[in-house]
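Make a model of the complete structure from these sequences and hints.
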Amino acid sequence: MSNNRIEIFDSELNNQLWPPCRVACPVHADIQGYVGLIAQGKTKEALEVIRGTVLFAAVCGRICAHPCEDACRRANVDEAVSICSLKRFAADCSYPDLELLKPMATIDKKVAIIGAGPSGLTAAYDLLRIGYKVTAFEKMPEPGGMLRYGVPRYRLPTDVLMQDINPIIRSGLELKTDVEVGKDVDFNSLEEEGFEAILISAGLPVSRPLNIPGSDLEGIIPVIPFLQDVNSGKQVGISKKVIVIGGGDVAMDAARTAIRLGAEQVNMACLECGDEIPAHSWELEQTLEEEATLNSAKGPKRFLGVDGKVTGVEFMEVKSVFDDKGRFCPSFYEDKLCVIEGDTVILAIGQASDLTFLEGMDVELIDGRRLVWDSKNLSTSRIGVFASGEVVTGPGAAIAAIASGHNAAVAIDIYLREGKVAPVRLPVGIEVSELREETIKKIKKIEKEEMPMVSPGERIANFDEFELGFGQDQAAREAQRCLSCTMGAEVIKEKCAACLTCVRVCPFGVPYIEDGEFAGIDVSQCQSCGICPSECPAKAIKLKFASEDEVLEQAKEALAAAARQGQTTPILSVTCQHGYYVSEEIREQIAGEKELIQIKVLCTGRIGIDTLLKFFEMGTAGVIIVTCEEEDCRFNKGNQRILQRAIFVKDLLEQIGLPKECLQLCNISSTGGEDRSFREAVDKIKESLDLS
Amino acid sequence: MIKATQKPIKEIREMLKKHKKVLVAGCNTCVAVCFAGGEKEVEALVSALSLADKKEGISKDYLKKTVQRQCENEFVDPLSEEVRNCDAVLSTACGIGVQTIADRFPEVPVIPALNTAFMGRVIEPGYFFEYCAACGNCVLGQTGGICPVARCAKSLLNGPCGGSQDGKCEISPDTPCAWQLIYDRLKRLGLLKEMERINAPKDWSESSGPREIRRDDLKTNRDGKYNLKE
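Which chain is which? The protein sequence lines are A and B, in order.
Each residue of the first sequence is one higher than the last, beginning at 1 in this note's numbering.
Each residue of the second sequence is one higher than the last, beginning at 693 in this note's numbering.
Some hints could be false.
With the Cβ distance kept under 10 Å, some of the chain A side facing chain B (calculated, not the full set) [claimed, not checked]:
| id | residue |
| --- | --- |
| 1 | Gly608 |
| 2 | Asp610 |
| 3 | Phe648 |
Keep in mind that the hints were calculated from the coordinates and are not lab data.
The structure presented is a predicted model; accordingly, all values stated were derived computationally and were not measured.
We put the beta carbon where it would ideally sit given N, CA and C, even for glycine.
Okay, structure coming up:
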């Protein structure tokens, strides 16, 4: 990394081969990295990886639009990995001792941030890390922007949001809430106060009005103040029949909030129908589960009222929403009309910015409500004033606002160091190519873990979070569905003996003969099972993820810990992680044996004969390999390979004069219940070593 | 390629008895392909030896280094630093590699960790079979591409013996009779007439050593002489 820039801007990243999830993620989070760690039960390390790009881990673990999942290659095998829920799991494990990244320097320059939403706070944290002094001005009483005042609590509880924001404040952010720039502080005075750069990340706090006849009737309310009041804890009364106009996620939020407030009938109406509906499919699905009614392809014609109060809305049937060039241009059947009755109408048809504080401030605006802004360098028309997030990008996912915040921080850093505005862009690696049909066929299908949820009937009674989050076992199992794209085996050509062992043992048929000379492994197809590196007689294959060296390191640490506790005859149990999180029994048994030291591996097939012998060389008295049942192996053949290798190693042990019984194998399913073979394996080792 | 197997640990340890600091030198070509002496096998062998030593309370140092091909001076010479620091070299190469080490480092004893077995091929993973005896006078052209010298237990040159039963050799029910294979193959090729040819007793002089090949056109020294040490 050069120039003290934060790690995620390392230009070297542009040259790396990336899994599709990482490419699709607006901040290019190292998804494969943290999912892989969760798969190994290393949740704390996973959270550290997540926080490397997204400080809003608990937030994004809940409300992210997760484009990563849309790109996931497992979708070609069965279903995409639940990346978003895995992130939530890691964040929810909350490690209070997890250290924040320290500032890289101390720079005596001040930056002002207007709007403490996800974009502004992300930029603030990055700037604090680089070493600047940062002050955020927030007009609301609490930070978080729309996350705090827009997203309903049942999707994002306040304490969860603050769990992500507090570290930013702890990092030294000067947060001024209840301070509105333009009212409490003059925009131009910021410079006088010594702020050398200003970031406008004020979001889109205004609901768009619907200018049709009757719009001044009582009972028609814009969505943002509605959600804001509810989220602020104000007593918000709701009538019995509610109409929500709009088809986006915010409309869903409004409908579901109304239901929770006690509305008996919630009718949603939107222009679009079917796949055109802009809300995410899962949001719509959950809203319908909560018994809101969707009226699609309906365009509002006029509000109906009696005595100045709204009583319903008249709609026209929609002909089409977009023109033939795909532009928003709704057309209607003027004669196909219908009326929906309701005494409250919530308008959720879009949001706009509020930039009145910039009037006469030498910051150029278009129509008084859009900033003149360069998306490449994030600068406004006034030097030293930058903008990021929805105020300039338009409505979108929180993660996009976060990405924009990262870019803004770097743009500001360049400006403050070099006095110029320069284009910035989060580096993006090269996307790995698609899985081939023949590879897909060989990958084991594994059912996706379902998010535990409160039933619709129960959840509408309150604003409690209704998605309950994965438990440890569920999270590990879900993470183990990850195909570890791009993290597979790589041939070190100089060492390759061209023995073709890899070509012959790969359960996925990936290795091939390259240029008629060496083994080649197509990283885009490799499943990282670890079988070929552990078989390669020339040690000419490296595994980028969960390698044998990592297994040895784990064993070494575990044995050293045992030695510190005075264990002289430790027995090492090496358990397949894929089975470990399925079998409660094995965990109990291992926990019950005091000589047993445990390590876990993502399939025992990655342990070669030399590694097996090294376990003994490191000082273990016995080794128990716990594999999955033959047909259960995640990689088809991993458990079979270790069985064969064990026979060879047992022979060597005998030659050395050690009892061959000190290496035992058993499988997960035979460890619990009536079959006590794990227990027997321990006994056999002890007996052979005269320890019983 | 050359096929080899590792010697029993006991035999290797016996030869290493007097040595305290041993370079275990691997070879990443033929003996790697047959899982006897490549880098992985060196790792496993050193672990096994260390464990055996520890069990008997013996302390020895093992250095590990694997070269691409132990039968080439240029690959072996870079071992000199390690060899200097050792009192013996345990070579996991074939006999050629062992002797190359002996030749390049005459001051240090070299000990073979393998028994060099034969020239053969991998029939399937874990199954290696002899295919050529390097007799020096190839007959494959007459025998349908199947070598009776290497693959017939008696190296017969004029058809099978009475021990050929149901296509198998009498030495083992798993071993195909080479002459049965030759017959089947020639039949398929429409060349059964080849079977009628009577071969004269083979000239075995080409198959005993020391054998050498000299090619004047490949010499690199200016005086036109071969640059042999002995």
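Hint check:
Contact between A/Gly608 and chain B, as hinted, is supported at the beta carbon level, the nearest pair being about 7 Å apart and thus within 10 Å. The restraint placing A/Asp610 at the interface with chain B holds, with a minimum CB-CB distance near 4 Å, inside the 10 Å limit. Checking A/Phe648 against chain B: minimum C-beta separation of about 9 Å stays under 10 Å; hint holds.
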